[in-house]
Amino acid sequence: MDVRPGSLFAEHFTLFNVLATGVTYLAITVVFGSLRAPKYPAELPWVGHGKSWWACVKNFFDGFTKCREWLQDGYEKYHKQGRAFVIPPTLGVSAEVSIPKSQMQWMLDQPDNVLSTGEAHFDTLNGSYAFITPSLLTDPYHEHVIRKNLARNLNAIIPELVDEVNVDIEELCGTDVEQFKKVNLMDEFLLGVIPKITNRMLVGKSVCRDPGYLKSMMGFTMDVVLSFFLFPMVPRTLHPIVGPIFSLLPKYHYWKSRKYTVPIIKKRIADMRKKEAGDPDYADWKAPNDFITWTLRTAGEENRKDEMEPGRVAMRVCPLNFASIHTTALTAHSALIDILAADPAVLEALREEATRIYNEDGQEWTKNGLARMYKLDSAIRESQRHSTMAMNLIAKKVVAKEGITSPEGIHYPYGCLLTYPWLPVAHDNEVYSNHDTYEPFRFSMDREQFDSMDENEKAGVDVLKLRQSGMVTTGHSHQAFGHGRHACPGRFFVAHELKILFAYLFMNYDIKPLGEKPEQKWVGRTSIPPKVDIETVPASVVIKNEVLIELSDSMRDAEPPSFPAEQAMFDIVPTYTNPVRRTKTSQRFQLAENRGLPPPLQADANSYLVELAGEDDPANAKNWLFSRKMIAALVLGFDTFVASWGSSVYSSAVAPVSQEFGVSTVVALLGLTLYICGFATGPLAFGPLSELYGRKYPITIASFIFTCFMFACATAKDFQTLMLCRFFAGVFASCPLAVVGGAFSDMFGNETRGIAIACFSSLVFLGPFISPIAAAFITESYLGWRWTQYITGIMGGFATILDVFLLEETYQKTLLKKRAQYFRTETQNWAIHHVSEEEVVDFKELMNKHLALPLRLLFLEPIVLLITLYTAPKFIYGILYLFLEAYPIVFAEYRGISQSVSTLMYIGLIIGVLSGCGIVIAFEPRYNRKLKANNGIPVPEQRLIPMMIGAILFPIGLFWFAWTGNYPSINWAAPAVSGILTGAGILTIFLQALNYLVDAYLMVAASSIAANTFLRSFFGAGFPLFATQMFHNLGVDWAGSLLGFLAVAFMPIPFLFYIFGPRLRKMSSYAPTEFGLPQKQDEEAQDSNKSQ
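Counting in our numbering, the sequence shown runs from 5 upward without gaps.
Rather than coming from a laboratory, the hints here were simulated on the basis of the structure.
Listed next, the in silico DSS-like pairs over lysine-lysine satisfying Cα-Cα at most 30 Å (straight line):
no.	residue 1	residue 2
1	K70	K81
2	K219	K525
3	K105	K84
4	K525	K535
5	K209	K263
6	K278	K152
7	K55	K84
8	K105	K70
9	K219	K152
10	K152	K270
11	K721	K535
12	K270	K219
13	K209	K152
14	K270	K209
15	K371	K152
16	K263	K279
Please model the entire structure based on the sequences and the hints provided.
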């Protein structure tokens, strides 16, 4: 391994990162997870593959698609025999005990300090990070307010809900259209109507229709849903790091919503106090009947002053939005699909019932009238049964430290999760006949018949049993809203909300039947709603009341419509073809030292080594002609430019992406963050690959795959596809960043390598500053945001063509291995080889070299630690991408410059980067003279002089930008010019910091760079997510000053190292001494000497 200065840029992303992230975190997660996981009772059977360690591995991955099958299998084998069983842990989900019916009441009766529903929900919903504060789940005061006030005020708020439904549906579906209008059932119709209805009850009419407020609440709801699916997949050891990043999104949406709700809450408090004080102006004033008033009154009565604080009340509105929007929308989505996919007579029957009751009650909706809508109530409940959204809806966690023992004598230790299998119960033919068929009036016939009885006949009917067939009544066989004292407190509101919504829709609009019902898809233990469009048109004929009554009488005596089994959702019988047969072999293959190579033809194996033929051998890329080097350098430079271009070209597309996919701008910013995460992840593989297979193949293949993912970004049909493609595009775009430095080291010697690397580094910076300029003009043109991705893909395709036809391999080891392979083939002498083909990888050596050593350097070497801290918080992945968000605020928002023109201000940063490159190049001759005078031994402190200049320029540029950018009265040129100093400072600090580490830790430089990269990459990805909030909340002046103060705090580091660096390096076991060798030559150094 070559460890000379400048040759390590291809090695600073080595197997250390692969092992550190891929092995260490996985191993720690598995070990700690198994240690921390509760020990489930040994006597309980496991479904899935079993509970051996290998079975657990298979369960972990198969459960994502087979968990539903396992639950059904356990239900048939154990539940029906009264036995509990364990559903194994799967990807992102812990194990759980599914209890039988005989234990359900026992489980529900346990106090919360023994079996806790709240703790189970807290873990499921990622309560530590997915909500604004964990106390929203640990102290759910909003649920207490709903339980105490909602039911008693339900009749009073029905007119409000009716008004909101009428306005919202007419606005969405139209009243004067003559043709069917197609709308997406979930994204456009339900999520366009239900949030407004919900917030009419929560915050009142003045805010519930505000687009900004609704966007913040929908954003919060989606944040919790995304966290529910994504966060459990993060290894537990990374939760303290990744969790705060997850929490930024819900906190952001909460703070966005405050500007709408807090003023209302403050005014409500003031009005209520004036009313209580007897102010004559408020004698006739009545507080609006909504959640805000209920909370203030309840908290006042219970002396909970903390819950009367406006910000706290506004915070309580957020989880209620999530619960209501999520539950109501999913329930309505499934019910409408089932109704519209059933026989058209079902819709007509529901329309007749709604119209009849509406007219019977004087053409207004009342609580009693809605309660009499038995058919609609039954249709919704049957949909909840037939199209179940989750495998279980009752979960309790053992929180008693000593555990708990069931009546059957089974002891459940602390941390065990107990659930009840709602899904198989809902599809059990012994519980529900024809369980695979959607029978919309399954639960209504007895209730309708009861209404038609006289008083004598009613006396013999079990009314309690009759009421249990209602939609909101929970029980063993109906758990759509949970069961017991922790059943959903808002289910009565949901029932009234859906009945009003459906009744208005059915009465006033004709809806095209769906025909075949779309397949219900499951991911893990949750059902994903299918995408469905509905077509509506205002009803063209108004039916008179007397006709309706006559129709009602005729239908009352009619037989309910029957539905053929073919309409059942799960009617596919699996068929089996010839199975795939696997064969085994007993033949053994030896590896490593005993891999069975043929014996050498002569006693001296070195006689068959392929080595450089001389100083002018073209296998050494340093011997190439200058023109040949320049062609390779230009191709590699273009690869690097395209990779860095692709990172920030997305920044100008954030707003249109947010608008098109209906997500918040912070969520849309994930396209930038995930690309940067890919930058940090990709080198884990590409660094080692370049050492094994050379420079050309990884770059060419990565460039081609990058191009494919960029075109996938441009054609993405949904937001999640766009995000995944952006991440993987970043992964493969990182290949030039990891490999090009090594290729330059292959081609350029000590005298010219510094200049080449400086030019390469400047390209890494120029791409992110140039691409937003082009992207802004593209986005604002008729081309739209997708063409920012198309053009990047076209550039990637052109780069791939250049790589294939013009890029030559530069890595000496690969060139000599190819030469050896050629000689073996030509001479049929299989003893001919290159020395690298003799290398044997030892796992212990690998771990020490790429894992233990970098960690020792990071935490035990003050030079590595301080340089890493200096570059980590404010370098490329941080300040660079943070400025992409700060500049539009300063120039577009504050000064009213158009979005596209405001990006021209990046020219100052571009000039700064080029100036920084010039500063570094200007000091190269001085460094070469010092190097020659020191007999070729590196002089690390000479690298610090450009870094000192950058350390001074950087904070000046930040303060300049902060205090000129914040005030629109100051000419735009002032903050724009500050970018020159900032850009120059960033480049000189970054580049010379790495060069200093290389020279200071010559023999272990790859490990020192790996340690630096590991910590620096951690800081980078999250910066774009909070940049906008930071500059908005703190103001440009203090947000920029905060960064400036950090820069000032770190500014003395290069000066101190210039003075005390030699003394620190003498105390180090790894840094070179005055004789040029380290006091302690580690494994990495020894391996390097071998390879040389």
